[in-house]
Amino acid sequence: MGVDAFEIVINVVKLLVIFLMMIQAVPILVWVERRGSAFIQNRFGPNRVGPLGLLQLLADAVKFLFKEEFLPRKAVRFLYYAAPVMALVPGALALAAIPLGPPIEVSAFELFGQRWGPYVFKLQGYDIGVGIVFILGVSSLGAYGLLMAGWGSASKYSLLGALRASAQMISYELALGLSLVGILLVYGTFNFYEIIAQQQGPLSFSWFGREVVGPWWLPNWGVFYNPVGMILFAASTFAEANRLPFDLPEAEGELVAGFHTEYGGFKMLMFYIGEYGHMIVASSLLAIFYFGGYGIPGLPVEVLEAKIAAGTSLGPTGVSVLTSVVSHLALLVKLGLFLWIFIWVRWTLPRFRYDQLMDLGWKSMLPWALANVVVTAVWLLLANSK
Amino acid sequence: MLELADYTFYFLALVTLVGGIAVITAQNPIYSALWLALTMVSVAGVFVSLDAWFVAGVQLIVYAGAVMVLFVMVIMLFDLRRETNAFSRGMVSGFLKLASAGIFLGLIGGSIYNSAETVFAPPPAELEKTADATKALANTLFTKYIFSFEVIGVLLLVIAIGAVTLSRVQGGTHAKHD
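In order, the protein sequence lines correspond to chains A and B. Read in this note's numbering, the first sequence has 932 at position 93, and its numbers run on one by one without any break. Read in this note's numbering, the second sequence has 1549 at position 130, and its numbers run on one by one without any break.
Incorrect hints may appear among the rest.
To be verified - Below, in silico cross-link-like pairs of lysine to aspartate or glutamate (DMTMM-like), each with a Cα-Cα straight-line distance of 25 Å or less:
hint, chain 1, residue 1, chain 2, residue 2
1, A, Lys-961, B, Asp-1470
2, A, Lys-853, B, Asp-1470
3, B, Lys-1554, A, Asp-966
What the hints assert, rightly or not - Restraint ranges, calculated between C-beta atoms of paired labels, are given here:
hint, chain 1, residue 1, chain 2, residue 2, range
4, A, Arg-916, B, Ile-1443, 21 to 27 Å
5, A, Leu-1220, B, Ile-1565, 14 to 20 Å
6, A, Thr-1187, B, Ala-1557, 39 to 45 Å
7, A, Arg-1190, B, Ile-1443, 38 to 44 Å
8, A, Gly-1137, B, Asp-1425, 48 to 54 Å
9, A, Glu-1050, B, Phe-1568, 32 to 38 Å
10, A, Asn-1223, B, Phe-1430, 45 to 51 Å
11, A, Gly-1027, B, Ala-1432, 32 to 38 Å
12, A, Arg-1192, B, Ile-1580, 23 to 29 Å
13, B, Lys-1554, A, Leu-950, 37 to 43 Å
14, A, Glu-1093, B, Thr-1584, 30 to 36 Å
It should be emphasised that the hints constitute simulated quantities derived from the structure, not laboratory data. All C-beta atoms, glycine included, are put in the ideal place defined by N, C-alpha and C.
Chain B extracted, bound-state conformation (with noise of 0.2 Å):
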């Protein structure tokens, strides 16, 4: 008997997937980025029903509300005709392609495999609910994982760096000029 929270994940999980799919046959990056905010905001959805609420309101901020419009802005503002077609012709360019998609697909296959305990496991009985599971979260975040948590913070810094770094070498879009 399927009860109403079953029927609420199999609607997020179908926006989801037909989201997903969209973004990549897509035709123009304009209308796959808005598909991707879609998938997100369905995603957040489901933490919702799982009720993780700090995890819903963070997807949305960071990620449907940030990451996503600034994806947008920048495919506006660029004419990627030129790219579009060097990327979807050529033999390299696909068997590129696949050894990504290779790669993410064992990625995927390996996290499962090694999380299978944790992910197949039966839900503990008494969740905590809203406060006291983002208190719980950020507990065990600044705790039991202080050092991927600040091994990721140093990541992404020196992303920021080389991202600000390649835009001011010649020929980068702030590229000083002489």
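Okay, chain A solo, but in the shape it has when bound (with noise of 0.2 Å):
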């Protein structure tokens, strides 16, 4: 946790930051989400209550706190309560596990009579060296909470829906996992800072022992690398999330609202938050992986901070801290751009049929994903042999 109090404080505050981070990112998700499919779909949308509609989640906010709360007579009750808590607690941890931004170094200071310091505050809930691994086995827990809601609130529409969940789960973590192994084999480390540092400055690589430069402004992205693995991962995110075109846990027009078709009220919402962590969370790692994280094209970290230090009279704490912010806001212009992304393809995609699921699942991504790895080893080895 830390060495002092004031690492321990500042630790604590920001778990919880993350955590209110991803809450209120969902408010504005869905005014995106009602708006946006409004606009492809030629209709307004929620435009009443407030500008542009936007004090219409404080609306919504206020109806879902206020709902009844009630039971469904044949519920098991444990199950039924605990499974919404199920569904959000896996996007959560995995969220305050992802970088958020390049550390920010805090120089020794004074304080109530007392020498505190010199800190190294990461942007994130907590480093788990083996990052990757962390988030896929927590999110893979997921599939626990749609479930438990499917068995726990006895009704048939719900059980059919927690078993398409599960299925689905189970098929597009292989594809999931196998399609990062590429990445993962390209920059040999699972820790997230190693990654985004290797993908700092412009594109280069060793091809046959010789050096390739590419032009400053092209970053060094992953996805320059692996872009059958990225496309792989983004779909098996999909799958993973349960967005259109593969939301068969909820299809609305068989199964009514599918695993949360007897919840109401706030239980719900927290489906609702669950279902965007998990899409907060798969933007920040097709950010991380393919993206360059935090990163700005064209101007590597270490360069940003120079230029904020030539350009500003702040202290080193404070130019790190800038440094931070700005590298921060980077990566949160690629989360909005995934998101929307998210978003707009849900609403022009029709819904698979379920074998055509399984099928896509099985016997098209498996085995690309699996081809992928193999390819990516041999040019590895080719390209680095001399």
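Mind assembling these two chains? They're in different frames, but the hints should get you there.
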């Protein structure tokens, strides 16, 4: 947790802030989703409450809080109440392990007549060396929330939704994990900070013993090394987050609302937060592995820090904080873009049929991901040989 | 004097044991499976407390995330009442249960006895951390134990093929209808 009171307080605050960030992003995303879908479908969407309908979020939150709370008659009480929490926790745990910016270096200072520091604060809830393995492990527990909801609410629609959800999650988890193996081979590490550090600067790689360097504006991003892996990863995250075109667990045309048919009010909101949390985690992973994380193209973190130090009259701590904030904003821009793509796809593509879903997962994406691993390994072996 | 790490271990051990006992005492197979999932998560926690992050992550992904989800799903699909009755009475099945419990105990005892040196030895002073530990694990697995690794791979393939074949024979779940 930390060596002294200051570090412990900051670390606890960090955990809370990251959790609240996820919670607070949800109403905004819901608004974007509703307005965006309305524009795509040539409607207006919620535009009455406040400017652009933005206060609709507040009204919805109040509605969710004050809705009548009920329990289906044959429901399993414990599972019914535990399921929304179980849906929310994996997303929150995974998000806390994602680096949101370069570490902040705080130099030593005096406070309350005592000497503190120096400290290095990472812009993430907790640093886990094997980052991606932890995140995949934790988010694979998300299936239990849906299963518990399906079984606990004692309804046929819920149960069918839960069964579909778990079958789909298991099928696409394989493609998800395997699609990342290719890019992990390229980086040779599990650590997010090292992965992002390797993507700074212009495109550069060794090709049969020769060093190739691209123009300065072309960043050294993973997507140029492993485009197939990127596409497979993005597609399987759609399935993992139960988004259209893979939203068979809650297919409203067939199953009412699938696993959360029997939920209302705040409990349903928690399922929503879990789903959007999965989307945020997936977008961050996409940014970290394939689009340079918090790096700005053409402007590596060290260069940015030097420019800020030259352009402002801040101390070393201030420069470090400002660098982190600017880099974090770069990550937020990328996240916003990917989240918009999530929403855009939802209102553009129709839903798969169930057998098509299974065929795509097992007969197309899994072989492609395996081939991607093999090709990447051979390519690395050849390109790095003299 | 107990330190924080000790409390963590005893808590995780308690959860593991309670979960394990609940797996075999729960009446409904769904709850058994959910308890087993809890047990596996807390075993992953024990791995974390030993700084074996990679093993903990894989434990979560493979056992808690994939295998147990599959179990829960299959249990939800089938009506297991008849099977439960068939297995909970009768002399033959009682004898089989006792025998398999005995064989399992013997297996565990034997493996502890045979690896007593490793199990009861004090931990190495310099424990390799996180990423290096993962690399070390891979190096050992793919050099020293490559043969057993491949054998287990072939064994799993045989199991998968066997399961598919069994489900396609007459009367199986995926039998061909003429």
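Evaluated hints:
1. A:Lys-961 to B:Asp-1470: holds, 20 Å
2. A:Lys-853 to B:Asp-1470: Distance of about 23 Å is within 25 Å: holds.
3. B:Lys-1554 to A:Asp-966: holds, 19 Å
4. A:Arg-916 to B:Ile-1443: 21 to 27 Å: Given about 23 Å between the Cβ atoms, the range holds.
5. A:Leu-1220 to B:Ile-1565: 14 to 20 Å: Holds, since Leu-1220 of chain A and Ile-1565 of chain B (Cβ atoms, about 19 Å apart) stay within the stated range.
6. A:Thr-1187 to B:Ala-1557: 39 to 45 Å: holds, 42 Å
7. A:Arg-1190 to B:Ile-1443: 38 to 44 Å: At roughly 41 Å between Cβ atoms, Ile-1443 of chain B and Arg-1190 of chain A fall inside 38 to 44 Å, so the hint holds.
8. A:Gly-1137 to B:Asp-1425: 48 to 54 Å: Check passed, 51 Å falls within 48 to 54 Å.
9. A:Glu-1050 to B:Phe-1568: 32 to 38 Å: At 36 Å between Cβs, range holds.
10. A:Asn-1223 to B:Phe-1430: 45 to 51 Å: With a Cβ separation near 46 Å, Asn-1223 of chain A and Phe-1430 of chain B satisfy 45 to 51 Å, so the hint holds.
11. A:Gly-1027 to B:Ala-1432: 32 to 38 Å: holds, 36 Å
12. A:Arg-1192 to B:Ile-1580: 23 to 29 Å: Check passed, 28 Å falls within 23 to 29 Å.
13. B:Lys-1554 to A:Leu-950: 37 to 43 Å: Holds, at about 42 Å.
14. A:Glu-1093 to B:Thr-1584: 30 to 36 Å: holds, 33 Å
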